[in-house]
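Asker: With the hints as extra help, turn the sequences into a complete structure.
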Amino acid sequence: MILISSFYTFKFIQIVNKGWFLMLIPAYFFSIYLIIELVNKTHQFLRVIGIYLDFGHASVALLELWLLGNLTGSIMIAYGLYKRVKNRES
Numbered sequence: 024m025i026l027i028s029s030f031y032t033f034k035f036i037q038i039v040n041k042g043w044f045l046m047l048i049p050a051y052f053f054s055i056y057l058i059i060e061l062v063n064k065t066h067q068f069l070r071v072i073g074i075y076l077d078f079g080h081a082s083v084a085l086l087e088l089w090l091l092g093n094l095t096g097s098i099m100i101a102y103g104l105y106k107r108v109k110n111r112e113s
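First residue of the sequence shown? That's 24 in this note's numbering, and the numbers climb one at a time after it.
One thing to keep in mind: the hints can contain errors.
Claimed, not checked - FRET-style restraints, in silico, Cβ to Cβ:
| id | residue 1 | residue 2 | range |
| --- | --- | --- | --- |
| 1 | Gln67 | Val39 | 33 to 39 Å |
| 2 | Leu69 | Ile98 | 27 to 33 Å |
| 3 | Tyr102 | Lys64 | 29 to 35 Å |
| 4 | Ile38 | Ile98 | 15 to 21 Å |
| 5 | Leu86 | Gly42 | 51 to 57 Å |
| 6 | Ser54 | Tyr102 | 14 to 20 Å |
| 7 | Phe68 | Asn110 | 22 to 28 Å |
| 8 | Trp43 | Ala84 | 39 to 45 Å |
As the list claims (entries may be wrong) - Under the rule of at most 30 Å between Cα atoms (straight-line distance), these lysine-lysine pairs were calculated in the DSBU-like manner:
| id | residue 1 | residue 2 |
| --- | --- | --- |
| 9 | Lys34 | Lys106 |
| 10 | Lys41 | Lys106 |
| 11 | Lys41 | Lys109 |
| 12 | Lys34 | Lys109 |
By construction, these hints were calculated from the structure, which means they are not laboratory data. Think of the CB as a built atom: it goes at the ideal place given N, C-alpha and C, for glycine as much as any other residue.
Answerer: In structure tokens form, the structure reads like this:
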């Protein structure tokens with residue numbers, strides 16, 4: 024889900040104007056935060072009702088997911104910004 028949103032963010036960065044571009048970056052990182060919180064709350068809810076999912080240590084898995092999302096997003100945004108500047112120069 025995070026990788027799909029990173030891909031679409033990358034595509035939108037290339038076509039939107041500067042105002043939307045500046046709003047899209049914080050919105051993307053906030054959406055990563057919301058996805059991680061949704062996964063965390065779902066895991067807590069399932070644990071309360073007696074359904075246990077064994078993914079190893081849950082906190083580490085969530086931190087890795089958060090790191091992957093932010094790292095992927097940062098790379099996509101940097102590359103999208105590079106492509107945007109390169110297309111403007113051409």
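Asker: Which numbered hints turn out to be false for this structure?
Answerer: Structure breaks hints 5, 7 and 8.
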